[in-house]
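Participant: One letter stands for each residue in the lines below.
There are 2 protein chains.
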Amino acid sequence: MTIFDQTDLQELDKIKRLNLVNSCTGFKSANLIATVSPEGIPNLAVFSSVTHLGSNPAMLGFILRPTTVPRHTYSNLKTCPYFTVNHISSSIIDKAHQTSANYEAGISEFDAVGLTPHFIENCEVPFVAESKVQLLCKYLNEYPIHENDTIHIIAKIEKIIVAEESFLTNDMWLNLEKADSVAINGLDAYAQPKILDRFSYARVGKDLSSLDF
Amino acid sequence: MTIFDQTDLQELDKIKRLNLVNSCTGFKSANLIATVSPEGIPNLAVFSSVTHLGSNPAMLGFILRPTTVPRHTYSNLKTCPYFTVNHISSSIIDKAHQTSANYEAGISEFDAVGLTPHFIENCEVPFVAESKVQLLCKYLNEYPIHENDTIHIIAKIEKIIVAEESFLTNDMWLNLEKADSVAINGLDAYAQPKILDRFSYARVGKDLSSLDF
Numbered sequence: 000m001t002i003f004d005q006t007d008l009q010e011l012d013k014i015k016r017l018n019l020v021n022s023c024t025g026f027k028s029a030n031l032i033a034t035v036s037p038e039g040i041p042n043l044a045v046f047s048s049v050t051h052l053g054s055n056p057a058m059l060g061f062i063l064r065p066t067t068v069p070r071h072t073y074s075n076l077k078t079c080p081y082f083t084v085n086h087i088s089s090s091i092i093d094k095a096h097q098t099s100a101n102y103e104a105g106i107s108e109f110d111a112v113g114l115t116p117h118f119i120e121n122c123e124v125p126f127v128a129e130s131k132v133q134l135l136c137k138y139l140n141e142y143p144i145h146e147n148d149t150i151h152i153i154a155k156i157e158k159i160i161v162a163e164e165s166f167l168t169n170d171m172w173l174n175l176e177k178a179d180s181v182a183i184n185g186l187d188a189y190a191q192p193k194i195l196d197r198f199s200y201a202r203v204g205k206d207l208s209s210l211d212f
Numbered sequence: 000m001t002i003f004d005q006t007d008l009q010e011l012d013k014i015k016r017l018n019l020v021n022s023c024t025g026f027k028s029a030n031l032i033a034t035v036s037p038e039g040i041p042n043l044a045v046f047s048s049v050t051h052l053g054s055n056p057a058m059l060g061f062i063l064r065p066t067t068v069p070r071h072t073y074s075n076l077k078t079c080p081y082f083t084v085n086h087i088s089s090s091i092i093d094k095a096h097q098t099s100a101n102y103e104a105g106i107s108e109f110d111a112v113g114l115t116p117h118f119i120e121n122c123e124v125p126f127v128a129e130s131k132v133q134l135l136c137k138y139l140n141e142y143p144i145h146e147n148d149t150i151h152i153i154a155k156i157e158k159i160i161v162a163e164e165s166f167l168t169n170d171m172w173l174n175l176e177k178a179d180s181v182a183i184n185g186l187d188a189y190a191q192p193k194i195l196d197r198f199s200y201a202r203v204g205k206d207l208s209s210l211d212f
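These protein sequences, in sequence, are chains X and V. Residue 0 is where the first sequence starts when you use numbering that gives the first Met the number 0, and the numbers rise one by one after that. Residue 0 is where the second sequence starts when you use numbering that gives the first Met the number 0, and the numbers rise one by one after that.
Hints in this document: simulated from the structure, not taken from any laboratory. Careful: at least some of the hints might be erroneous.
The list treats identical chains as one, so a pair stands whether inside a single copy or across any two.
Claimed, not checked - Derived DSS-like pairs (lysine-lysine); straight-line CA-CA distance at most 25 Å:
{"id": "1", "residue 1": "K177", "residue 2": "K15"}
{"id": "2", "residue 1": "K15", "residue 2": "K158"}
{"id": "3", "residue 1": "K193", "residue 2": "K94"}
{"id": "4", "residue 1": "K155", "residue 2": "K15"}
{"id": "5", "residue 1": "K158", "residue 2": "K177"}
{"id": "6", "residue 1": "K193", "residue 2": "K15"}
{"id": "7", "residue 1": "K155", "residue 2": "K137"}
{"id": "8", "residue 1": "K158", "residue 2": "K13"}
{"id": "9", "residue 1": "K13", "residue 2": "K77"}
{"id": "10", "residue 1": "K13", "residue 2": "K177"}
{"id": "11", "residue 1": "K15", "residue 2": "K137"}
{"id": "12", "residue 1": "K13", "residue 2": "K155"}
{"id": "13", "residue 1": "K13", "residue 2": "K137"}
{"id": "14", "residue 1": "K177", "residue 2": "K193"}
Put together the whole structure using the sequences plus the hints.
Facilitator: Below, the structure is given as C-alpha cells:
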C-alpha cells in the first residue's frame, strides 16, 4: 500500500504530482471541443472534464484552466456561444491528443492534426467527422471557482447526433462501447472500455434510484 | 445516423431521456462517496460526476442533485466536512450500484449492500475496504448552479491511498486498469477500460501541453 498525504503531494515534483492527481479521481470522459473564432477559424481541444449536469433540460459542464495564458476555447465562446462536443474514438486518439499542444490562434487544429471538420446547416461551428457521437451545445453561464481560479462552464445540449442507430437500445441507452468512445486515464493515456453489466434502477421497495437527474 | 434536437429530447419519455442524456457526454468516473452523519452512521453512494479540478493544491469537484428530497451525502457534509472517494472495481459493481437505492438515513449502506467500512487513525469517516484507490477529502465550498438547481461541491484531496505500489509508474502515473477501476456508461452500466496507449506531452516546439492543470 502506498499513501500520499498533503506533505507528500507538496514535495512531489510538478510532473509526478500532475500525473498522480490527474489519475486519482478515476477514468474521465474523452471529448474534443470545437469552437470558432471571430475570424471564422475553428479551434479544437481535448477536454477530460465534460460532465453530465442534468437531463431536463439537457445540460453539461466542463472545467477551464486559468485565463492567464491564451485559452482559445474560452475566448471563442465570448463571441460565438455555440460549440460542439465530439467523442474521441479509438482510431483517433493520437490526433486528438495532439490538439492539446499550444497552436497559435490563427491555426485550426483540424488542419494541424488531420481531423475533418463537418459543418451542418445553420451552424457555423464544425463537428469532428470522425466522432461517432457529436453534441451541439450553447454556452449558458460560467462559475469562477475561487479556490483555484478555474472556471466551470455550463451549457445546454441542443442536438445529439449518433452515427449508427444500432448504438441505441430500445430505452435510448447509448452503448458507448459500440460507439467506440474511449476514456482518459490521467493526462495522457487513453483506454477502451468494455461493458461489464447493465443494472436496472436500484430500488428499496418502490423508490426510484437516487441517480435519476 | 440518428439526430435528436431539442424538440425530440423534450418529447422523449422521462426514462428514455435520462438514459440518452446521461450517456451522451461519454464515460464517467465510478466512485463511492462515504460520509458520516452526526449520529456516526456512515452513508455510501455512487457518484459518476467526480472530476479533477487541479493538482496544486489537489482538488476535485462533484455534482449533487437538488435538495428537494433527502440527500444524505449533502446533509452529512454540513456537520462533518470530511468524506472519502473510493474507486469502484469490477468485483463490486453490483454492490456499488445497489447503494443508489433510497435507504433510510439510519441505515448504513455498507451493511445494506455488503461492503466493508475501513477506518484509519484520526479519521471518523470510513473508506471502502474493497476499493483499490481511496481518497480522503475535505469539503471546501459549494457553487449552486442556478440553471438547473444542482450544486457543485469543491473539495481538497488530503490523502491518496493506492492498494499496490505496482499500480504506479516511475513518473507517478496511476494505471487505473491495473487498479481494476471501472467507468460508468449512462445511469446503470459499468465498463472495464483497457489502456490503449499513453502519449508524451503534446507539444508545438517547446510549449508544454495545455492539459497541465
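Participant: Does each hint fit the structure? Answer for all of them.
Facilitator: Hints versus structure:
With identical chains, the CA atoms of K177 and K15 are at most 25 Å apart between copies only, with a shortest distance of 18 Å across copies and 34 Å within one. Within a single copy, K15 and K158 get their C-alpha atoms only as close as 39 Å, which misses the 25 Å cut-off; across copies the closest is 15 Å, which meets it. Taking the closest pair of Cα atoms, K193 and K94 come within 25 Å of each other both inside a single copy (22 Å) and across two copies (19 Å). Taking identical chains as interchangeable, the C-alpha atoms of K155 and K15 lie at most 25 Å apart only when they sit on different chains, with a minimum of 18 Å there against 36 Å within one chain.
In the homo-oligomer, the alpha carbons of K158 and K177 lie at most 25 Å apart inside one protomer (20 Å), although the nearest pairing across protomers, at 37 Å, exceeds that limit. Taking the shortest alpha-carbon separations for K193 and K15, only the inter-copy value of 22 Å comes in at or below 25 Å, while the best intra-copy value is 29 Å. Only within a single protomer do K155 and K137 lie at most 25 Å apart by alpha-carbon distance; the minimum there is 5 Å, versus 30 Å between protomers. With identical chains, the CA atoms of K158 and K13 are at most 25 Å apart between copies only, with a shortest distance of 17 Å across copies and 39 Å within one.
Taking CA atoms no more than 25 Å apart as the test, K13 paired with K77 passes in neither setting, with 32 Å inside one copy and 33 Å between copies. For the identical chains of this complex, K13 and K177 are inter-copy neighbours only, at 23 Å across copies versus 37 Å inside a copy, given an alpha-carbon limit of 25 Å. With identical chains, the CA atoms of K15 and K137 are at most 25 Å apart between copies only, with a shortest distance of 22 Å across copies and 36 Å within one. Taking CA atoms no more than 25 Å apart as the test, K13 paired with K155 passes between copies only; the shortest distance there is 18 Å, against 35 Å inside one copy.
In the homo-oligomer, the alpha carbons of K13 and K137 lie at most 25 Å apart only across protomers (22 Å), although the nearest pairing inside one protomer, at 35 Å, exceeds that limit. In this assembly of identical chains, the alpha carbons of K177 and K193 lie at most 25 Å apart whether taken from the same copy (9 Å) or from different copies (15 Å).
The earlier numbered hint that this structure contradicts is number 9, and it is the only one.
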